[in-house]
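Here's the letter readout for the chains.
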Amino acid sequence: MSDWLNLLIRFFDDFLVGAGVTLELTAIGLVMGFLLGLGLALGKVYGNKPLCWFSTAYIELFRGTPLLVQLFLIYYGLPSLGITLSQTLSAYLALGLNSAAYQAEYLRGAILAIGNTQMTAGRAIGLSRWQTILHIILPQALRLAIPSWSNEPILLLKSTAVVFLIAVQDLMAKAKRAATTTYNPIGSYLAVAVVYLVMVFALNALLKWLERKARIPGFEMEGKKGSL
Amino acid sequence: MTNKILTIKNLTKIYGDNIVFQNIDLSINEGDTVVIIGPSGTGKSTLLRCINLLTKPNGGQIWLDDEEITSKEVNEDNVRQHIGMVFQNFLLFNHLTALENVKLGLIKVKKLDKTAAEAKAFQELERVGLVDRAHHFPGQLSGGQQQRVAIARALAMDPRIMLFDEPTSALDPELIGEVLEVMRKLSLAGMTMLVVTHEMGFAREVADRIVFMEKGSIVEEGSPEDLFNRPKFQRTREFLWKITELYGKKEQEE
Ligand SMILES: Nc1ncnc2c1ncn2[C@@H]1O[C@H](COP(=O)(O)OP(=O)(O)OP(=O)(O)O)[C@@H](O)[C@H]1O
Ligand SMILES: [Mg+2]
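Residue numbers (our numbering), protein chains in the order written: chain A, 1 to 228; chain H, 1 to 254.
Bear in mind the hints are in silico, worked out from the structure with no lab data behind them. Errors might be hidden in some of the hints.
[Claimed, not checked] Using C-beta positions, here's what the derived DEER-type ranges look like:
| id | chain 1 | residue 1 | chain 2 | residue 2 | range |
| --- | --- | --- | --- | --- | --- |
| 1 | A | N204 | H | Q123 | 25 to 33 Å |
| 2 | H | Q123 | A | W209 | 49 to 57 Å |
| 3 | A | A113 | H | P173 | 24 to 32 Å |
| 4 | A | W209 | H | D65 | 49 to 57 Å |
| 5 | H | N89 | A | W130 | 19 to 27 Å |
| 6 | A | R212 | H | R235 | 51 to 59 Å |
| 7 | A | T117 | H | R204 | 29 to 37 Å |
| 8 | A | F201 | H | L246 | 37 to 45 Å |
A quick note: this is a predicted structure, and the numbers were derived from the prediction, not measured. C-beta: ideal position from N, C-alpha, C; glycine also.
This is chain A alone, in the form it adopts within the complex (with noise of 0.2 Å):
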């Protein structure tokens, strides 16, 4: 135990910065996710046929292969492509990529729940179709989409262990390092699965008080939250 307390100790500031990497991570994935996955979302609700279909096959497709098969997809297969990006900004993309289309099925799912409905009162009082999407279906159906949408941070923050593949320093490369300087995975493992364990506490904590803070008396949000 003073062995285990030890290696936390010593490495206490690099576990550090490798959590704020992994914060990091997590929170540029989230939202590049978010912005792609919304958009997604509108086109494989109310967009044309193209867009419709190519929404659709965006989601299968990013849904349908291992995330690490797409990180290695971009930060080794692009540069025969020509495009060579750096390991971090790979690691952005495919977290990002990845994540937008977890992010539009529970985006897609809301927006079905508040119906056509909304859409008619919408435009009866003369706003247009993308008026009462803004202003009258998005805001309904986000707030709906909070608690099953609230699984995709979290297993969005577990997933980014998988870019210590391609060298980017995260929280799960210090762990590697550790435990090859002291000869003690055990020890060093146990020491990150803490750190994580704590980052996702946290994080449910600010999940949960979005979760607060949105709610509108009498508008009901639906859906239960699954096991992280």
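With the hints as your guide, set chain H with the ligands onto chain A.
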């Protein structure tokens, strides 16, 4: 000579091989309240939706004042803001307070500034007696209150005509009165209204003209007096008898 606000000629609507209605002619004078009655599935809602351009008719023309709104050149969003619509299920914007529901169109469609929009929205809530509920969300309002907010929301756009599609059918019996009262006042104040309803008391008292629709066509129309006391057709008589029976019974049970 009174002004015609709405003129419908030869209107036809078909869904697949279901002819909802065919060759409907109807016109409404400024300030009149016209009530449409008729059995379920006759095309009453579809007719209102056509007038509001929420669905496209397959044939025929509609004029709002002198403008043909079924013509290809019209800006539909522009037309819709001049035609108020009240739905059976209220359809308030659930994420906005009563005040914000009324205000939204004023800001986004009429492009009023915030203060002007707020003042106007309060004025409309006043008209339906709900100023004290201005900051309540739809989920915190009774059905009757929600429907009155929906009426205020439509009125705020200063429509040329108000369409009501069974505005009290989704309400508990004790809440129907407050909505009908608002409509009655509106009619007295000179608003032009086209109302689909099963409330025969309201029709009798408020309507200038009653239109009986059945199976996609207008069977007969006339003053409440004529229609209730001297219906020309057996079908009209039967419908009126049935509906009075049905609703009369319900009232007795209460
Ligand atoms: N979007 C639609 N697609 C296909 N058919 C429709 C659609 N809307 C209405 N219909 C059909 O049109 C017919 C008329 O419906 P409508 O709702 O206008 O009747 P209504 O007179 O308002 O009846 P109710 O009193 O029940 O409200 C019905 O047969 C209905 O099934
Ligand atoms: Mg109807």
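A quick look at each hint next to the structure:
no.: 1; hint: A:N204 / H:Q123: 25 to 33 Å; verdict: violated, 46 Å
no.: 2; hint: H:Q123 / A:W209: 49 to 57 Å; verdict: violated, 38 Å
no.: 3; hint: A:A113 / H:P173: 24 to 32 Å; verdict: holds, 31 Å
no.: 4; hint: A:W209 / H:D65: 49 to 57 Å; verdict: holds, 53 Å
no.: 5; hint: H:N89 / A:W130: 19 to 27 Å; verdict: holds, 24 Å
no.: 6; hint: A:R212 / H:R235: 51 to 59 Å; verdict: holds, 58 Å
no.: 7; hint: A:T117 / H:R204: 29 to 37 Å; verdict: holds, 31 Å
no.: 8; hint: A:F201 / H:L246: 37 to 45 Å; verdict: violated, 60 Å
In the structure shown, a violation is registered for the earlier hints numbered 1, 2, 8, in ascending order.
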